[in-house]
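S.K.: Chain by chain, the residues:
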Amino acid sequence: MKALLRSDACLACSPSTPLSSPSSSSSTSSSWIHLRSLLIITSSTPVRDRGGLRSPWTRMKRKHPLSFQQWINLFSPDGKLQDKVKLLKRVRNGGIEPGIRAEVWPFLLGVYDLSSTEAERNESRARRREEYEKLRERCLRLLRGGSDDGHQELKKTAGGSHARYPSSEEATPVTPACAVEDYAKWQRIIRLDALRAEWVPSSGKGHHTAEAARGAAEAVGLKDYEDLEPCRVHHAARLVAVLEAYAIYDPEIGYCQGMGDLLSPIAAVVEDDSEAFWCFAGFMRRARHNFRLDEAGIRRQLGVVARIIRHRDAALFRHLERHRAADCAFAYRMVVVLLRRELSFEQTLCLWEVLWADQAAVHAGVRQRRASPPTEDLLLYAIAACVLQRRKLIIEEDGGAEEILRECNALAGRLDVWRLLDEAHDLVLSLHGKI
Amino acid sequence: MASTAGGREQRETGQPRSQHLYEFSRLLFSFFLFVLLGDAGTGKSSIVLRFVKNQFIDFQIFKIDFLISVAAESTIGAAFFSQTLTVDDASVKFDIWDTAGQERYHSLAPMYYRGAAAAIVAYDITNQASFDRAKKWVQELQAHGSAGTVVALAGNKADLIDSRKVSAEEARRYAQDNGLLFMETSAKLATNVNEMSLSDCEEAHRGSTSRNPSGRACSTDAFKHDAKPSSCCSSS
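For the protein sequence lines, the chains are A and B, in the order given. So that you can map any letter, position 332 of the first sequence is 332 in our numbering, and since no number is skipped, the others follow by simple counting. So that you can map any letter, position 11 of the second sequence is 1011 in our numbering, and since no number is skipped, the others follow by simple counting.
Certain hints may be false.
[Stated by the list, open to error] Within a straight-line C-alpha distance of at most 25 Å, the following computed PhoX-like cross-link-like pairs (lysine-lysine) qualify:
id, chain 1, residue 1, chain 2, residue 2
1, B, 1093, B, 1165
2, B, 1165, B, 1188
3, B, 1135, B, 1093
4, A, 185, A, 134
5, A, 185, B, 1093
6, A, 134, A, 155
7, A, 185, B, 1135
8, B, 1135, B, 1188
9, A, 89, A, 63
10, A, 155, B, 1136
11, A, 84, A, 63
12, B, 1165, A, 223
13, B, 1136, A, 185
14, B, 1165, B, 1136
15, B, 1093, A, 223
16, A, 86, A, 63
17, A, 134, A, 223
18, A, 134, A, 89
Hint data in this document are derived by calculation from the structure and do not stem from the laboratory. Since the model is a prediction, treat every value here as computed from it, not as a measurement.
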């Protein structure tokens, strides 16, 4: 049943990939598939894509995504964005058409200033490309020359990334990850995770020959890929290149499992490595707190999820307290990889660009009349909405923190991203001042 | 696409082991919690997948369903599974915490191993560093784990004999010196995965019936369970 649900996502992603044989998914009799989950699946609408204009769950009219024409029309002749309010409003309400994501995302992620001219962007792009290439050269030197000396060097420069990411959240000094783990370990885990990352297709251009893929893999020192399709090898090689460069760029964080999940969709949409790297670095500006050794970022966010649930549904919160789940640790993975594991590829892109637009709107001081105020923490409202959707199940099952975690981990393919966003916006609207 | 090699065979009745399990299950209300620990990429999730669903996932297999994707991608935080095995007429429910491997997620681990009946510490026989890390896990469990927790050492990826870096002898000696159960497993070929869990189960049972406070005394006969390639229980 679950395989059936995932299948529409699979078909959308990769028509060439054969689906599983029915026997492998349906022949289980373990306690994995609960009768309850079957009931849920049949009683809710299956995963919809952007879907119709009117969602059955909301009174609001579903807006169209930002189109190519609208995007072009937003710019003045010298390539300056004329109406950032309109841009952010459109993305917040309906997302972005797939074809122009690679162009719009750098603006949302702060790679380009919203008020920059085209000439300024070209200049910045060239400068950033150079910087990225320097990072890659250092990676290759470390790869060839063993990484012990390089790691000492990284430790010395770790203070630099602190300056790069000034943060109001950090009252106490943070132990950099490179003080505990070394670069060689990151190299190993990056390669491991790159090869097993869920394959996400690039927009139709991804016809890589076996030779080209092998070349890309060898360039970054990737091994043990013989059984993979060339396009996946190519994708894995790109992930390795960007993640290694990031580990050097931000040695305070280095590499932590989960970061590959955050990069994979960006790398699939943004086809140039340097551009993908800077988009990822922009994304990590906020997400990096999730990967800190002291877990301060993750604990703060789980705390916010708990407060949202407590304010909206005191009975459910009391239930969580009784089962020692009031810390919302069951939402850990949802927070760390921003619902990446729960949503399909296309759904993830939609959710993330709306989150980014919300954050960009906060920074640009944009407010919309009659709409929920933009917030840095829209993700946390979405996660709370996701838990609230399952309140009945959680309370009825009465199975403790483990059961709740299992329920949360088994959400893959069962969420409707636009319904989730509607409910998240509702929560923002009613609770914004209290959280 | 996922192989189902080494299918489930009905267990023969009348062996001492099933008797143990039977008593054990009556004793503990058919409930048994274990946790998997070990370095990143040692195959913890693959062991769980093999145990729970008797399947193996390799990189090249596309996401088929949720459980399979679990073994294909890195574990973030922790995942929780259960499996019920029927032994004779008794059914034993296994609750399993599968943890993330990277040291960064280390601080979460005590939450999962405290109170566990058994901890399986996995390492990759082709990676010496993962064996060193397994030793650290063992030390941590000895220092901070619950007194009754049975600790088992699993040398996973036993199918990759050509790239072996950790000898079975070395690991066996380490296990004996520290009072651990030890087996080499292959989640890929289904070698010893169920054996591992059942040995834990027995050992926990033995610990609880003999009121052995450490619960961790080495059972030499557990080593004799080695090398049966097929699983020994029917899944209910």
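S.K.: Could you tell me which of the hints above the structure violates, numbers in ascending order?
M.R.: 1, 3, 5, 15, 18
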